[in-house]
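Engineer: Okay, here's what each chain looks like letter by letter:
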Amino acid sequence: MTFLFFFIFAGFALAGAVGVVVLRNPFYCVLSLVVHLVALALLFLLLEAQFVAVAQIVVYAGAVMVLYVFVVGYVGGGDHPEPLWRAGTRQRALAIGFASAIFIELAIAVLGTGLSALGTEGIALTANYGTPEQIGELLLTDFLLAFELASMLLLVAAIGAVALAGRRGGIAEDEGNLSPRHGVVDLPRPAATGSMAEGVSGYGVTAPLPDPQFEGRELQQPARAAAEDDR
Amino acid sequence: MSVNWYLIVSAMIFTLGATGVMIRRNPLVVLLCLELMLNAGNLALIGFSRMWGNGAGEIFAIVVMVIAACEVAIGLGIIVALYRRRLPVDVDELSELHG
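Those sequence lines, one after another, are chains A and B.
Numbering of the first sequence is given in the numbering used here, commencing with residue 623 and proceeding in unit increments.
Numbering of the second sequence is given in the numbering used here, commencing with residue 1413 and proceeding in unit increments.
Chain A on its own, in the form it takes in the complex (with noise of 0.2 Å):
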């Protein structure tokens, strides 16, 4: 029965392995991924490891690749889907050699082996392998410079990719003409939405109706002359 459902699992994984690398759209690699990660996450319970496949499951499959999902969504690249081979470059031979040499190392590797023990299912476990006392009494002891290192890494990551995707200026051409003196009431919002600021002009009383191409602007007079710039 254990060897029935390690082909079926095993089969997905790679299924979903092929599937990242050539499909040519990226939101479909990430959906394949997902797929790769859930059948992983079964292999893993194979192995008696609930806690990492409960792990893999929550934290790969549920947050990471809804970031992911996210990302493309912003990003996009389904419109122009790039062709796997470019023509007039021996990219993809070289690479498919080298990972064939790869695999053939690892191979040679896992059957060529001096562990005898690799031939077993490995020995006889304990009560409480892969649970989650076990793991969290070897994070808090054995473990634990590890698991404060790792922390610290979190922080830094979360850190470093707020500073990184961060809005500094770039995605709106006029963003660059505000000059410093202007305010927070200055920043683009909708016209005729009874701010502060079209209060004390008298905006929408007795001003007639913007031209609907510059709706927003209208406080922002080097953004209209960049609009205008731009016809």
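Hints are computed from structural coordinates only; laboratory data are not their basis.
Small disclaimer: the values here were computed from a predicted structure and weren't measured.
Yeah, the Cβ is synthetic: ideal placement off N, Cα and C, and Gly gets one too.
Warning: the hint list may mix true and false statements.
As the list claims (entries may be wrong) - Covered by chain B, according to a simulated footprint, are these stretches of chain A (three or more residues, beta-carbon under 8 Å):
#1 740–746
#2 753–762
As the list claims (entries may be wrong) - If you only want the chain A side, here are some residues facing chain B, beta carbon under 10 Å, derived:
#3 Tyr690
#4 Val693
#5 Leu716
#6 Ala717
#7 Leu771
Claimed, not checked - What the simulated footprint calls covered on chain B by chain A, stretch by stretch (three residues with Cβ under 8 Å from a Cβ of chain A suffice, anywhere in the stretch; the number is not a length):
#8 1413–1421
#9 1425–1435
#10 1454–1465
#11 1469–1482
#12 1485–1496
Got chain A sorted already, so can you dock chain B onto it with the hints?
Structural biologist: Structure of chain B alone, referenced to chain A:
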């Protein structure tokens, strides 16, 4: 099932991931293929952990997951920053580091 089988599957997944890193040009997909390689490593670690019957390999796998999450956060941050600056989202054209 002997641990050998899991290691062979792990080697196959690692090979597929390495192939993808080398032939794909969309950095998002390159990151996905990196995930494949990390997960292949995880499978091997869990297999070895099962072989020895102690939990050290599982701790390793969890640390690898943490590192993969960090890598994803930073990598996707870089891709979003590239997109915001209207640079091409293509690793072949991102050959210069000047800002």
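Engineer: Indicate, hint by hint, whether the structure satisfies it.
Structural biologist: Status of each hint after checking the structure:
no.	hint	in the structure
1	740–746	holds (count 7)
2	753–762	holds (count 4)
3	Tyr690	holds, 7 Å
4	Val693	holds, 5 Å
5	Leu716	holds, 8 Å
6	Ala717	holds, 3 Å
7	Leu771	holds, 9 Å
8	1413–1421	holds (count 9)
9	1425–1435	holds (count 10)
10	1454–1465	holds (count 9)
11	1469–1482	holds (count 11)
12	1485–1496	holds (count 10)
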